[in-house]
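J.: Count along the sequence shown from 1, then add 472; that gives the number in my numbering.
I should point out that these hints are in silico values taken from the structure, not numbers from a laboratory.
It cannot be assumed that every hint is accurate.
Claimed, not checked - As a list, the in silico DSS-like pairs of lysine-lysine whose alpha-carbon atoms are at most 30 Å apart: (1) 557 <-> 676; (2) 801 <-> 557; (3) 616 <-> 764; (4) 676 <-> 733; (5) 474 <-> 582; (6) 640 <-> 625.
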Amino acid sequence: MKIDNSILKHYLRNVMFITGTAYAGKSTMVAMLAEKYGLVRCGENYHSRVADEIIVPERQPNLCYFKTMNGWQEFLNRTPEEYEKWIQGCSQEAAEFEIAELIYISQNKKVIADTNIPLDILHEIAGYHQVAVMLSPQEMSVEKFFDRDDPDKIFIREQIMQSKFPQKTMENFKACLAKVNSKENYDQYARSGFFTLVRTDAVKDTKDEVLRILSNHFGLGQCAPSIYISSERLYIRPFEEKDFLQFQTLLDLCPGWQLQKNNVRPFFEWHLSNYNRMDIEHGHVCFGIFLKESDALIGTISLNEHDDLHVPEMGYGILEDYRGKGYAKEASKAVLTWAKSYFDIKKSGRNCRSK
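Hey, can you work out the whole structure from these sequences and the hints?
T.: In structure tokens:
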């Protein structure tokens, strides 16, 4: 039997997911959000309570590895490729247990989960405002791995120190961590289209600020989530009055906007007024694309009715100085992921510009 993803999505409507790379603050945020808003907290490996009683090597070989391995030295001295394959296999096998457990506990309660459910599955079972990706640079996730005093990491360090060649074993294990937190895997998270926060400073205490941002994204507290779309390098949001001066720099992006140079204030206010309706089937909704590192407005992205087909379409423009850096692709992926959930879009298509 296979359960349709739309059914799973309905039953998981009370669940919020945090995923991402190591040392990004996922566990901390799950704990803080649960405490502040009275959520059920599902920390790392929350599914194992049930899974450990059910798994068998024939069906879940990766989850059963600790039962079948020849000892901790084997675990620590696998190649980085073997370690990565095992981690990915565990995520796939655990996803079924995670989903079943979350459905079981979330029907009458809101839940926050530190999850390893693969991104492609999350796209099918959760909306944009149910998922947050938290990332840290590879060097931080590897070098800071043993800085925490949790029992699992203390145990691993002890096993490394008991090996015949501790330094070599430590180097190999760090290589395994680096493989799992490789740029390729990092980019999969960063380009997922989900709401994304990147931790760049391991010293500065940003917990309260991150808590505020995630609270708003998940729509916790008194207010519904505002429109703030966050990717790895960009944030995308509706224009505000404070953006008027920067908005004028965008008027050369397309011929239609160039015609508004002598009418810029009413044109800007027209965009602001469209946020009251948020109608992309018969109207026009335009957001600004901003750089996270500088808050610079670098472009615009719109959802509006196609003139001929009379269906919603997406268009974008990036200022010339910022082209060729992948910003348009990053913004488009993030907005499409958000729009699919916000407007309940069932399917989408694309066309290619003729050469």
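J.: The structure should be examined with respect to each hint, and the outcome stated for every one.
T.: Against the structure, the hints:
1. For a cut-off of 30 Å, the pair hint linking residue 557 to residue 676 is broken: about 34 Å separates their Cα positions.
2. Restraint check for residue 801 and residue 557: the C-alpha separation of about 29 Å stays at or below 30 Å, so the hint holds.
3. Restraint check: the Cα-Cα separation between residue 616 and residue 764 comes to about 25 Å, which is no more than 30 Å; the hinted pair holds.
4. A C-alpha spacing of about 44 Å is found between residue 676 and residue 733, which places the hinted pair above 30 Å, so the restraint is violated.
5. With a CA separation close to 26 Å, the supplied pair residue 474 and residue 582 stays within the 30 Å bound.
6. Taken as a hint, the residue 640 and residue 625 pair is honoured in the structure, with Cα atoms around 18 Å apart against an allowance of 30 Å.
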